[in-house]
Amino acid sequence: MNDATPETLSVIIERDLPYAPERIWRALTQPHLIAEWLMQNDFQPVAGHRFSLRADWGSVDCQVVAIEPHTTLSYAWAAYGVETVVTWTLLPTSTGTHLRMEQSGFRADQPQAYQGATFGWQRFAAALEQVVARTE
Amino acid sequence: MPDSHDVLFRTLADPTRRAIFERLCRDGEQTVAALTARAGVSQPAVSKHLGILKQAGLVHDRPAGRQTHYRAHPGALAPLIDWTSQMAGFWESRFDRLEDLLRRMDQ
Numbered sequence: 001m002n003d004a005t006p007e008t009l010s011v012i013i014e015r016d017l018p019y020a021p022e023r024i025w026r027a028l029t030q031p032h033l034i035a036e037w038l039m040q041n042d043f044q045p046v047a048g049h050r051f052s053l054r055a056d057w058g059s060v061d062c063q064v065v066a067i068e069p070h071t072t073l074s075y076a077w078a079a080y081g082v083e084t085v086v087t088w089t090l091l092p093t094s095t096g097t098h099l100r101m102e103q104s105g106f107r108a109d110q111p112q113a114y115q116g117a118t119f120g121w122q123r124f125a126a127a128l129e130q131v132v133a134r135t136e
Numbered sequence: 001m002p003d004s005h006d007v008l009f010r011t012l013a014d015p016t017r018r019a020i021f022e023r024l025c026r027d028g029e030q031t032v033a034a035l036t037a038r039a040g041v042s043q044p045a046v047s048k049h050l051g052i053l054k055q056a057g058l059v060h061d062r063p064a065g066r067q068t069h070y071r072a073h074p075g076a077l078a079p080l081i082d083w084t085s086q087m088a089g090f091w092e093s094r095f096d097r098l099e100d101l102l103r104r105m106d107q
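Those sequence lines, one after another, are chains A and B. Reading the first sequence from the start, the letters are residues 1 to 136 in my numbering. Reading the second sequence from the start, the letters are residues 1 to 107 in my numbering.
Next up, chain B with everything else stripped away, as it sits in the complex:
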């Protein structure tokens, strides 16, 4: 669906936001404070990025006392990872190149 593609692309186009998402993928659930310590931006900025990631479905939050814990939801990337259609397009273009090569080969 183009809409969900747009949202995902726009959400992940920002390097800081992408770094936060990557860290959650890699290191598991974390608090805003823990993320801020390594993000290189202020806590309000991290919270804002997390809000945008949450809207895109890329992270889930879990309030616990005064802290909110965030974890990655990589399943939300599924629209971008439709492997079969991506690979079909890839192979079609490679077949074209193969045919072009075969034309140029002798025998």
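Isolated chain A (complex conformation):
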């Protein structure tokens, strides 16, 4: 392989929360709780488990990549023809937990991957239509 590694980008969100890792872990891994803050889902805390996150604008295809209770959780996240990995890290602190989310794998040339992703395009178009309708 002599290809240069494609440039990838990440989204990182970090917050210090006044709660023990155990409580946050439940919110991240129990389907009825995930539904309250993220999306409807059929998540199971099992490596390799495939699940989807569903919202009125479409759905995200996911698969659990790694899971270590109360410490780390990562899942593949595929939507609109873009494949990324979402990794949650919980670090206990004196006041609670430092929660970190990293979504990685966005390629700088990603719009090109869009070509032919017609399924994603149709959903995107529908979402766009709604946005446009709201702004008129």
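These are computed hints drawn from the structure, not numbers from a lab. There's no promise every hint is true.
What the hints assert, rightly or not - Computed beta-carbon distance windows for the label pairs: (1) B:Q86 - A:Q63: 39 to 47 Å; (2) A:P92 - B:Q86: 26 to 34 Å; (3) B:M105 - A:A78: 26 to 34 Å; (4) B:R94 - A:G96: 14 to 22 Å; (5) A:E14 - B:D27: 41 to 49 Å; (6) B:H69 - A:H98: 54 to 62 Å; (7) B:T16 - A:E36: 36 to 44 Å; (8) B:R71 - A:Q63: 54 to 62 Å; (9) A:P92 - B:A13: 47 to 55 Å; (10) A:G48 - B:T16: 43 to 51 Å.
Values in this document were obtained by computation on a predicted structure and should not be read as measured data. Where a beta carbon is used, it is the ideal one built from N, C-alpha and C, also for glycine.
Put chain B on the given structure of chain A with help from the hints.
Frame of chain A, contents of chain B only:
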């Protein structure tokens, strides 16, 4: 850039125009005549839509004899598909909801 956003949104807000663009994305390069056969509007109307799509950079044209062939240029959607900033906004709002949930959970 807001300007390019405006142009793209306005260009794609029209359902007929969007359908033409989708067909070019899906089926590859086509002539105006082939597009008209499936568009449900007249050839002048299709040509007008193609002109607007071309101005927005969403399609490229290639004259060949008496026909002009059009193909999609999805790369022009890049300003709307700045995934990282879109997802950052998405996750910030989800973190807010997560915090709200954590407050309401017992233990």
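Structure-based check of each hint:
1. B:Q86 - A:Q63: 39 to 47 Å: violated (22 Å)
2. A:P92 - B:Q86: 26 to 34 Å: 32 Å Cβ-Cβ, so the 26 to 34 Å window holds.
3. B:M105 - A:A78: 26 to 34 Å: Between M105 (chain B) and A78 (chain A), where Cβ atoms are some 29 Å apart, the hint holds.
4. B:R94 - A:G96: 14 to 22 Å: holds (19 Å)
5. A:E14 - B:D27: 41 to 49 Å: holds (45 Å)
6. B:H69 - A:H98: 54 to 62 Å: holds (56 Å)
7. B:T16 - A:E36: 36 to 44 Å: For T16 (chain B) and E36 (chain A) the Cβ distance comes to about 40 Å; the hint holds.
8. B:R71 - A:Q63: 54 to 62 Å: violated (34 Å)
9. A:P92 - B:A13: 47 to 55 Å: About 49 Å separates the Cβ atoms of P92 (chain A) and A13 (chain B), which means 47 to 55 Å holds.
10. A:G48 - B:T16: 43 to 51 Å: holds (45 Å)
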